[in-house]
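Peer 1: Make the full structure from the sequences, and use the hints.
Line by line, the protein sequences give chains A and B. Our numbering puts the first sequence at residues 5 to 229. Our numbering puts the second sequence at residues 4 to 327.
Heads up, some of the hints might be wrong.
[What the hints assert, rightly or not] Restraint ranges, calculated between C-beta atoms of paired labels, are given here:
{"#": "1", "chain 1": "B", "residue 1": "S284", "chain 2": "A", "residue 2": "N156", "range": "47 to 57 Å"}
{"#": "2", "chain 1": "B", "residue 1": "I272", "chain 2": "A", "residue 2": "A144", "range": "23 to 33 Å"}
{"#": "3", "chain 1": "B", "residue 1": "H131", "chain 2": "A", "residue 2": "N156", "range": "51 to 61 Å"}
{"#": "4", "chain 1": "B", "residue 1": "V268", "chain 2": "A", "residue 2": "G212", "range": "27 to 37 Å"}
{"#": "5", "chain 1": "B", "residue 1": "F313", "chain 2": "A", "residue 2": "K228", "range": "35 to 45 Å"}
{"#": "6", "chain 1": "B", "residue 1": "F187", "chain 2": "A", "residue 2": "P13", "range": "38 to 48 Å"}
{"#": "7", "chain 1": "A", "residue 1": "K82", "chain 2": "B", "residue 2": "F313", "range": "14 to 24 Å"}
{"#": "8", "chain 1": "B", "residue 1": "D321", "chain 2": "A", "residue 2": "E159", "range": "19 to 29 Å"}
{"#": "9", "chain 1": "A", "residue 1": "G30", "chain 2": "B", "residue 2": "S147", "range": "51 to 61 Å"}
{"#": "10", "chain 1": "A", "residue 1": "K118", "chain 2": "B", "residue 2": "K118", "range": "29 to 39 Å"}
{"#": "11", "chain 1": "B", "residue 1": "G23", "chain 2": "A", "residue 2": "E159", "range": "47 to 57 Å"}
{"#": "12", "chain 1": "B", "residue 1": "S284", "chain 2": "A", "residue 2": "E159", "range": "44 to 54 Å"}
[Unchecked claim] Here are some chain A residues pointing at chain B (derived, C-beta under 10 Å):
{"#": "13", "residue": "P33"}
{"#": "14", "residue": "D37"}
{"#": "15", "residue": "H41"}
{"#": "16", "residue": "E99"}
{"#": "17", "residue": "N149"}
{"#": "18", "residue": "W151"}
{"#": "19", "residue": "S177"}
{"#": "20", "residue": "G181"}
{"#": "21", "residue": "G184"}
If you are wondering where the hints come from, they were derived from the structure by calculation, not from laboratory data. Just so it is clear, CB atoms sit at the ideal spot from N, CA and C, and this is done for glycine as well.
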Amino acid sequence: MKIGVVRFPGTNNEHETIRALASFDGVTPVLIDVWNHELVNQVDGLYLPGGFSYGDFLRAGAIAATTETMQLIKEKAKEGTPILSICNGFQVTTESSLLEGVLLPNNTTRFVCKFIHLRIETNDSYLSGLEGQVLKLPIAHFEGNLWHPSSNELEKYAVARYSDEKGDVLPQSNPNGSLGNIAGISNETGVIVGMMPHPERAVFPYQGSTDGRLIINSFLEAVKC
Amino acid sequence: MVGASESIYEGKVKSVEDLGDGTAIMHFRNDITAGDGVKHEMLEGKGAINCKTTAMIFEKLEAAGIPTHFIKQLDSNKLLVKSLKILPVEVVVRNIAAGSFCRRYGVQQGTTFDKPLVEFFLKDDALHDPLIMKSTILNLGLASKLEISWMESFALRVNEVLRDFFRKAGMLLVDFKIEIGKDFEGNLFVADEISGDSMRVWDVETLEILDKDRFRKDLGNVIESYTEIYDRLNNVVFNPSSQPMALQIEIMPKADVPNPAGDVVKRAIVNMGLTATEAVSVGKSILITLTNEMAEKNWLKKVNEICKNFLANPLIEDFSIEVQ
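Peer 2: Written out as structure tokens, the structure is:
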């Protein structure tokens, strides 16, 4: 199965994402750049990794959202191709209106880089098999404060919340001010998931956690179907 | 069926016939009026001289990248123009104090302003076209903030072009009036006429009056002076260069949207001694420079869409556009 890893100028998580994906049986990662984006039509699933696409100018993800590459990805999304968008990739998918909400600067006004715990919520996305599990994953972002003028729009699609290691969702486990501690959401059909935490950075024991494998595995299962 | 006569608008000195295809015929009559139509005469040749003066001036403005309603001259008294909705305010640019400005503020006639001055007047004969403030225009819904900024900016550009043109022809452009029209897509154009009827022009040496003040003040030789203006302009070589147009876009966070940057700046401002600071909102300012407006058809619609879909995120930000 081919998974496209989409790199915009300024994306910088593509190699660890490719390494992570390649550690799963039967997965061939395909690096897709803006100059060969027609490859989007030759893959079975799409992974939008993090970084600083187009220098994060204007708003994080805003410029990548205007590219022809994203137009092609939107077409694939309509056809039901599973998408996992992480960190800056998540910002690109909200700015492209593939997912609800907007990622504001952290309420701490600081870049945050640390391990957090994540509780997987009841949801209709491809992460539903992990419901109730508490995962340990790293985050590294400045604009991860998920917000929407109507909090219901986010609650409806929440797939994961920042929690403590027991899975209790507490104000002090919220690293960036996100509404309802929501760390990740899906779209209406559940084939697109976006989140700030980095599953691809928690795949090998030397990375301090391998919980990211569960998320990537769920995504790959959705691609297989 | 609508009769042809119903599509004809009769003004004090001109008639406009809408042809229904986006164009209209503007007919310059021989009427000349002053004091809101109280003083009225017919002067042979007046329609023709204003018609060709307007055509010549609008051609120069177009060459300078200023959009006008002018398409072509049809005959000695008629211009083919774009059919537009005329905004209910007219714009006056003054380089030298004269006329109502002197009466209103007690300023000596002939005083040269350091910078050209822009004034807006409500087009309403019954009210004698009163001076109107920009905030009133906005409040009464007569024009949008963007339209007001366009009018002001383009009136000054018209002034720059015409002041140079007249100066080259040995004349001082004291002041002038323009009207602004809007097409169905919201694009703006300099409309109506620009002639001896709508401006004050003095000879640069003798300060002799060459404009409609000759009629207002019964100085005589009205047509001869209007013809003099035309002939002098027609005899100089003047190639205006087109100026770039700048759009100032301001993007501000909506109220009630978390604004961490504003909160941090607020803390710093309070620390610097402005302790009464209630809130700080940090937005963005974007300046877009277009080579010239004429090169970019439908810029207004495009810029609006770009603001809505890209420069501002409608979930969290409001934007405003002004012409600089």
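Peer 1: Would you mind marking each hint as holding or not holding in the structure?
Peer 2: Here's how the hints hold up against the structure:
In this structure the hint that B:S284 and A:N156 lie 47 to 57 Å apart at CB is violated, the actual value being about 26 Å. Here the CB-CB span from B:I272 to A:A144 is close to 30 Å, well matched to the stated 23 to 33 Å. For the pair B:H131 and A:N156, the supplied restraint of 51 to 61 Å holds, since their beta-carbon distance comes to about 57 Å. Between B:V268 and A:G212 the beta carbons are some 36 Å apart, a value that agrees with the proposed interval 27 to 37 Å.
The given range of 35 to 45 Å is respected by B:F313 and A:K228, whose C-beta atoms sit roughly 36 Å from each other. The hinted range of 38 to 48 Å is satisfied by B:F187 and A:P13, whose Cβ atoms lie roughly 40 Å apart. A hinted range of 14 to 24 Å holds for the C-beta pair A:K82 and B:F313, which are about 21 Å apart. Separated by about 25 Å at the C-beta atoms, B:D321 and A:E159 satisfy the suggested range of 19 to 29 Å.
Taking the beta carbon of each, A:G30 and B:S147 are about 59 Å apart, inside 51 to 61 Å as hinted. Separated by about 57 Å at the C-beta atoms, A:K118 and B:K118 break the suggested range of 29 to 39 Å. For B:G23 paired with A:E159, a C-beta distance near 55 Å keeps the hint of 47 to 57 Å intact. Remark: the range hint 44 to 54 Å for B:S284 to A:E159 is contradicted by a beta-carbon distance near 27 Å.
Taken as an interface hint, A:P33 does not check out: its beta carbon lies about 31 Å from the nearest beta carbon of chain B, beyond 10 Å. At its closest, the beta carbon of A:D37 sits 22 Å from a beta carbon of chain B; the interface hint therefore is violated under the 10 Å criterion. Violation of the interface hint for A:H41 is found here, the shortest Cβ-Cβ separation to chain B being roughly 19 Å, above the 10 Å cut-off. The criterion of a C-beta within 10 Å of any C-beta in chain B is met by A:E99, whose closest approach is roughly 7 Å, and the hint holds.
Of the supplied interface hints, the one on A:N149 holds, with its beta-carbon coming within about 7 Å of a beta-carbon of chain B, less than 10 Å. Evaluation of the A:W151 hint against chain B yields a held restraint, the C-beta minimum of about 6 Å falling below 10 Å. With 10 Å as the threshold, the beta carbon of A:S177 stays out of range of chain B, its nearest partner Cβ sitting at about 18 Å, so the hint is violated. Contact between A:G181 and chain B, as hinted, is supported at the beta carbon level, the nearest pair being about 6 Å apart and thus within 10 Å.
Below 10 Å, beta-carbon pairs count as interface contacts, and A:G184 has none with chain B, the closest being about 13 Å; its hint is therefore violated.
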